[in-house]
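Using the hints provided, position chain B relative to the given structure of chain A.
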Amino acid sequence: MGKKITGAEMVIQTLHDQGVESVFGYPGGAVLPIYDAIFQQENVKHILVRHEQGASHAAEGYARSTGNVGVLIVTSGPGATNAVTGLTDALLDSIPIVCISGQVPTHLIGTDAFQEADTVGITRACTKHNWLVKDIKDLPRIMHEAFYIARSGRPGPVLVDIPKDIQFAEGEYENLSKTTHKTYTPPSTIDSKAVSAVVDLMQRAKRPIIYSGGGIINSGPKASKLLQKFVQKTNMPITSTLMGLGAYPGSGDNWLGMLGMHGTYEANMAMHDCDLMLCIGARFDDRITGKIDEFSPKSKKVHVDIDATSINKNVEVDLSIITDCGKFLNEALKIMESRNNKFQSFDSWWKQIDSWKKVNCLQYKANSDVIMPQYAIQRLYELTKNKDTYITTEVGQHQMWAAQFYKFDKPNRWLTSGGLGTMGYGFPAANGVQVAKPDALVIDIAGDASILMNIQELSTAVQYQLNTKIFILNNSYMGMVRQWQQLLHGNRISESYSDSLPDFVKLAEAYGATGIRAKKPAELDDAILEMIDTPGPVIFDCVVANLENCFPMIPSGKAHNDMLLGDNVSDEEVANAIDDDGKIMV
Amino acid sequence: MNKKNPASTYDIISINEDDERHTLSIIVDDEPGVLARVIGLFAARGFNIDSLTVSETESKQQLSRITLVTSGSPSVIEKIKVQVDRLVSVHRVADLTADYGQYGALERELALIKVKGTGNKRLEALRLAEAFDAQTVDASLDSFVFQITGRTREIDRFINLMASVGLTEVSRTGVAALKRGAGST
Numbered sequence: 001m002g003k004k005i006t007g008a009e010m011v012i013q014t015l016h017d018q019g020v021e022s023v024f025g026y027p028g029g030a031v032l033p034i035y036d037a038i039f040q041q042e043n044v045k046h047i048l049v050r051h052e053q054g055a056s057h058a059a060e061g062y063a064r065s066t067g068n069v070g071v072l073i074v075t076s077g078p079g080a081t082n083a084v085t086g087l088t089d090a091l092l093d094s095i096p097i098v099c100i101s102g103q104v105p106t107h108l109i110g111t112d113a114f115q116e117a118d119t120v121g122i123t124r125a126c127t128k129h130n131w132l133v134k135d136i137k138d139l140p141r142i143m144h145e146a147f148y149i150a151r152s153g154r155p156g157p158v159l160v161d162i163p164k165d166i167q168f169a170e171g172e173y174e175n176l177s178k179t180t181h182k183t184y185t186p187p188s189t190i191d192s193k194a195v196s197a198v199v200d201l202m203q204r205a206k207r208p209i210i211y212s213g214g215g216i217i218n219s220g221p222k223a224s225k226l227l228q229k230f231v232q233k234t235n236m237p238i239t240s241t242l243m244g245l246g247a248y249p250g251s252g253d254n255w256l257g258m259l260g261m262h263g264t265y266e267a268n269m270a271m272h273d274c275d276l277m278l279c280i281g282a283r284f285d286d287r288i289t290g291k292i293d294e295f296s297p298k299s300k301k302v303h304v305d306i307d308a309t310s311i312n313k314n315v316e317v318d319l320s321i322i323t324d325c326g327k328f329l330n331e332a333l334k335i336m337e338s339r340n341n342k343f344q345s346f347d348s349w350w351k352q353i354d355s356w357k358k359v360n361c362l363q364y365k366a367n368s369d370v371i372m373p374q375y376a377i378q379r380l381y382e383l384t385k386n387k388d389t390y391i392t393t394e395v396g397q398h399q400m401w402a403a404q405f406y407k408f409d410k411p412n413r414w415l416t417s418g419g420l421g422t423m424g425y426g427f428p429a430a431n432g433v434q435v436a437k438p439d440a441l442v443i444d445i446a447g448d449a450s451i452l453m454n455i456q457e458l459s460t461a462v463q464y465q466l467n468t469k470i471f472i473l474n475n476s477y478m479g480m481v482r483q484w485q486q487l488l489h490g491n492r493i494s495e496s497y498s499d500s501l502p503d504f505v506k507l508a509e510a511y512g513a514t515g516i517r518a519k520k521p522a523e524l525d526d527a528i529l530e531m532i533d534t535p536g537p538v539i540f541d542c543v544v545a546n547l548e549n550c551f552p553m554i555p556s557g558k559a560h561n562d563m564l565l566g567d568n569v570s571d572e573e574v575a576n577a578i579d580d581d582g583k584i585m586v
Numbered sequence: 001m002n003k004k005n006p007a008s009t010y011d012i013i014s015i016n017e018d019d020e021r022h023t024l025s026i027i028v029d030d031e032p033g034v035l036a037r038v039i040g041l042f043a044a045r046g047f048n049i050d051s052l053t054v055s056e057t058e059s060k061q062q063l064s065r066i067t068l069v070t071s072g073s074p075s076v077i078e079k080i081k082v083q084v085d086r087l088v089s090v091h092r093v094a095d096l097t098a099d100y101g102q103y104g105a106l107e108r109e110l111a112l113i114k115v116k117g118t119g120n121k122r123l124e125a126l127r128l129a130e131a132f133d134a135q136t137v138d139a140s141l142d143s144f145v146f147q148i149t150g151r152t153r154e155i156d157r158f159i160n161l162m163a164s165v166g167l168t169e170v171s172r173t174g175v176a177a178l179k180r181g182a183g184s185t
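Keeping their order, the protein sequence lines are chains A and B. So in our numbering, spot 69 of the first sequence is number 69, and the numbers just go up one at a time. So in our numbering, spot 138 of the second sequence is number 138, and the numbers just go up one at a time.
The following block holds chain A by itself, in its conformation from the complex:
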């Protein structure tokens, strides 16, 4: 029989037993007992955010950069509803986070009490699983189950809703951190025969490609190592989704760049013309496939994923293996070694790919008067690549330019909102990374519109003296919205001009941070170095060319081999790039 402790103390004890060092949160009436417990201990550090959405993205950043579960604590009602965007974001990008929400006391549930919301009802659709704790006896089990479910199988967000009376109630706590779950059993085995069949396909293939995704990152750094070995051994070309960047080095020999809507010409052409597609830990998202009935028509498709629901969801595949990506790679390498037979050299395939590379799809018109956004990212990359750097982004043109021009050589260094496309993700996520990695250089590449969505988190960064840097590509537009209006809506720039922008330098100063501005290409390098050397949070206002658009692009409704390239595209081509069928798409 253990000592009796309160529900609130159990919450903190669970965090400690689960190895959580920092949590992000915001107090309120229904979580006061938990905050009282936080006050009386030193094991778990609490980071006070300025908005619960900020807490949810910070927890995501913490989780993505460390591979551990991120935790946020919010109060009932608005506290919980403010966290919904971050939970949904984590669900779509498979990020393990645990949200602990306060709830009105059990006897008030259902009475429309002050700050009452049906939190488990609201978050049912945006969590992997959630719980309303109605009995103190269940709390230790549920808390530990929450961590288990968040990190196991395909990771994702979970929520534990704890009424205030349960936080006060006393009960016995047991460390259940080693336990699993009675019904939730993610795949733990691997079908060796199926992996053998994949190796067979690889040996017969003449034009193979690896299409990897965030599943490799989620599988852990070891999976990324195995992937590199796998690529080296087979000499297959590799491309990756936005979420998978860094699993294979961006400077690696076989790297084709990202694929999809704003992917490289060579990656998309190779996807279209390949005869074997090996999809590892990606999910055939619409941003990847383009027009689905013209998607890679000549290939045999293999899909490796830990989540059975991803198989045959958007694209029918020839062979599927439901397992962890790292396990698959390990098994495939073992089989290849035991067979000891050589792969084809894919010479003519590489020759073809090299001819696509010569198109130089990422080129842009250099300018010595104004900073081109692509140039800004290139310089940022060159000046930070040898440091311990983590990059987060918001959503829009700057995000795609970052994905195209910043080369990631290691996993877990690139944090972006891929599935949900959440503007306002990058800055709080960067704070989350900085809390987990105090000595790292963490930069949020932002747009002038996105950064305003969670700018209040600058106050958090100042309070904890986080060194987070915000690098704003400021073109005074919601650039991606404007780009689509140019493509789809006869250049009618409806509500996408960023009118009345704040002076970002003064804004930084108002928060007690540092502001830096660069307007000319010639002053960019020095300004970036100044940003890196300045301690504490910095807003870097990088004033870039207003009307630059993000290319290459697969216009919606078009196939991989039907890309718009940037350097030679005319206004007329832009205006007619998307036909009537394409216009209905998102």
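Simulated from the structure, these hints should not be mistaken for laboratory data. The structure presented is a predicted model; accordingly, all values stated were derived computationally and were not measured. The reader is advised that the hints may include incorrect statements.
[Unchecked claim] Here are the simulated lysine to aspartate or glutamate pairs, EDC-like style, with alpha carbons at most 16 Å apart: (1) A:LYS182 - B:ASP85; (2) A:LYS407 - A:ASP253; (3) A:LYS298 - A:ASP318; (4) B:LYS81 - A:ASP318; (5) A:LYS206 - A:ASP286; (6) A:LYS437 - A:GLU21; (7) A:LYS134 - B:ASP30; (8) A:LYS583 - A:GLU316; (9) A:LYS134 - B:ASP85; (10) B:LYS79 - A:GLU316; (11) A:LYS182 - B:GLU31; (12) A:LYS387 - A:ASP439; (13) A:LYS313 - B:GLU78; (14) A:LYS182 - B:ASP29; (15) A:LYS134 - A:GLU170; (16) B:LYS79 - A:ASP307; (17) A:LYS182 - B:ASP30; (18) A:LYS558 - A:ASP581; (19) A:LYS313 - B:ASP85.
[Claimed, not checked] Using C-beta positions, here's what the derived DEER-type ranges look like: (20) A:SER192 - B:SER73: 50 to 60 Å; (21) A:ARG339 - B:LEU63: 39 to 49 Å; (22) A:ASP580 - B:SER73: 20 to 30 Å; (23) A:TYR497 - B:LEU63: 51 to 61 Å; (24) B:ASN160 - A:ILE493: 56 to 66 Å; (25) B:GLU78 - A:ASP388: 37 to 47 Å; (26) A:LYS193 - B:LEU63: 54 to 64 Å; (27) A:GLY490 - B:GLY33: 40 to 50 Å; (28) A:GLN40 - B:SER71: 50 to 60 Å; (29) B:ASP29 - A:GLY490: 25 to 35 Å; (30) B:GLY40 - A:ILE584: 19 to 29 Å; (31) A:GLY490 - B:SER73: 54 to 64 Å.
Glycine included, every Cβ here is placed at the ideal spot set by N, Cα and C.
Frame of chain A; chain B shown alone:
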């Protein structure tokens, strides 16, 4: 636009598969909100629910059985099964139709059917009820309530016939189903 009401914004070509009707037996933890999880999934992903029956069936283990009849193309049915199986509260999903054939599973439904009428119509209603083995569970001078148990199609037939002899209200339980033989789902 060239195409009217495309089924999907991404023009997924619908291979003309015929819709099939499948009876799923879903064993779940008997906990608050579990039904909302299952039917919320169907609503969110646009799957059909033709019939739904749920009750606690193994109280010691705190398990409930959801018997759900759905329809869709074979690939949609497959998606439904893996999606439901992914829910944390779901122990297992058995597709009684796929695993045991159209007649391999025992399927029963109960319906209460109220008819109103006098004279010949009243007599005819009574005769039909007798022919269908329906029980009369309530009667007044100008109405009957019949109770019928059977397969869904049989009940449909009975209800259709009742329409011409004064049908006013129907209440159905939805399908309960088990596999035949000694094995359990």
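Worksheet item: Taking the CB of GLY490 (chain A) and the CB of GLY33 (chain B), does the distance hold inside 40 to 50 Å?
Response: holds (48 Å)
Discussion item. For a C-alpha distance cap of 16 Å, please report whether LYS558 (chain A) and ASP581 (chain A) respect it.
Written reply: The given pair, whose Cα atoms are some 10 Å apart, holds under the 16 Å limit.
Item to complete: Could you see if the CB distance from ARG339 (chain A) to LEU63 (chain B) stays within 39 to 49 Å?
Response: Given a distance of about 46 Å, which is inside 39 to 49 Å, the answer is holds.
Worksheet item: Is it true that the CA of LYS134 (chain A) sits at most 16 Å from the CA of ASP30 (chain B)?
Response: Roughly 15 Å between the alpha carbons, so the hint for LYS134 (chain A) and ASP30 (chain B) holds.
Discussion item. Looking only at beta-carbon atoms, does the pair GLU78 (chain B), ASP388 (chain A) fall within the given range of 37 to 47 Å?
Written reply: Given about 46 Å between the Cβ atoms, the range holds.
Practice prompt. Sort out whether GLU316 (chain A) lies within 16 Å of LYS583 (chain A), counting only the CA atoms.
Written response: Given pair LYS583 (chain A), GLU316 (chain A) is violated - Cα atoms ~25 Å apart, limit 16 Å.
Practice prompt. Mind checking the alpha carbons of LYS298 (chain A) and ASP318 (chain A) for me, to see if they're no more than 16 Å apart?
Written response: OK: LYS298 (chain A) and ASP318 (chain A) at ~12 Å, within 16 Å.
Worksheet entry | Hint consistency between LYS182 (chain A) and GLU31 (chain B) [alpha-carbon to alpha-carbon, up to 16 Å] | Status holds; Cα separation ~13 Å.
Worksheet item: Is the gap between the beta carbons of LYS193 (chain A) and LEU63 (chain B) within 54 to 64 Å?
Response: With a Cβ separation near 34 Å, LYS193 (chain A) and LEU63 (chain B) fall outside 54 to 64 Å, so the hint is violated.
Worksheet item: Does the Cβ distance between GLY40 (chain B) and ILE584 (chain A) fall inside 19 to 29 Å?
Response: For ILE584 (chain A) against GLY40 (chain B), whose Cβ atoms are near 27 Å apart, the range 19 to 29 Å holds.
Fill in: Distance restraint between LYS182 (chain A) and ASP29 (chain B), which requires alpha-carbon spacing of 16 Å or less
holds (10 Å)
Discussion item. Just to be careful, I want the Cα atoms of LYS387 (chain A) and ASP439 (chain A) compared with a cutoff of 16 Å; is the pair within it?
Written reply: Roughly 10 Å between the alpha carbons, so the hint for LYS387 (chain A) and ASP439 (chain A) holds.
Taken one by one, the earlier hints fail for this structure at numbers 4, 5, 8, 9, 20, 26, 29, 31, listed in ascending order.
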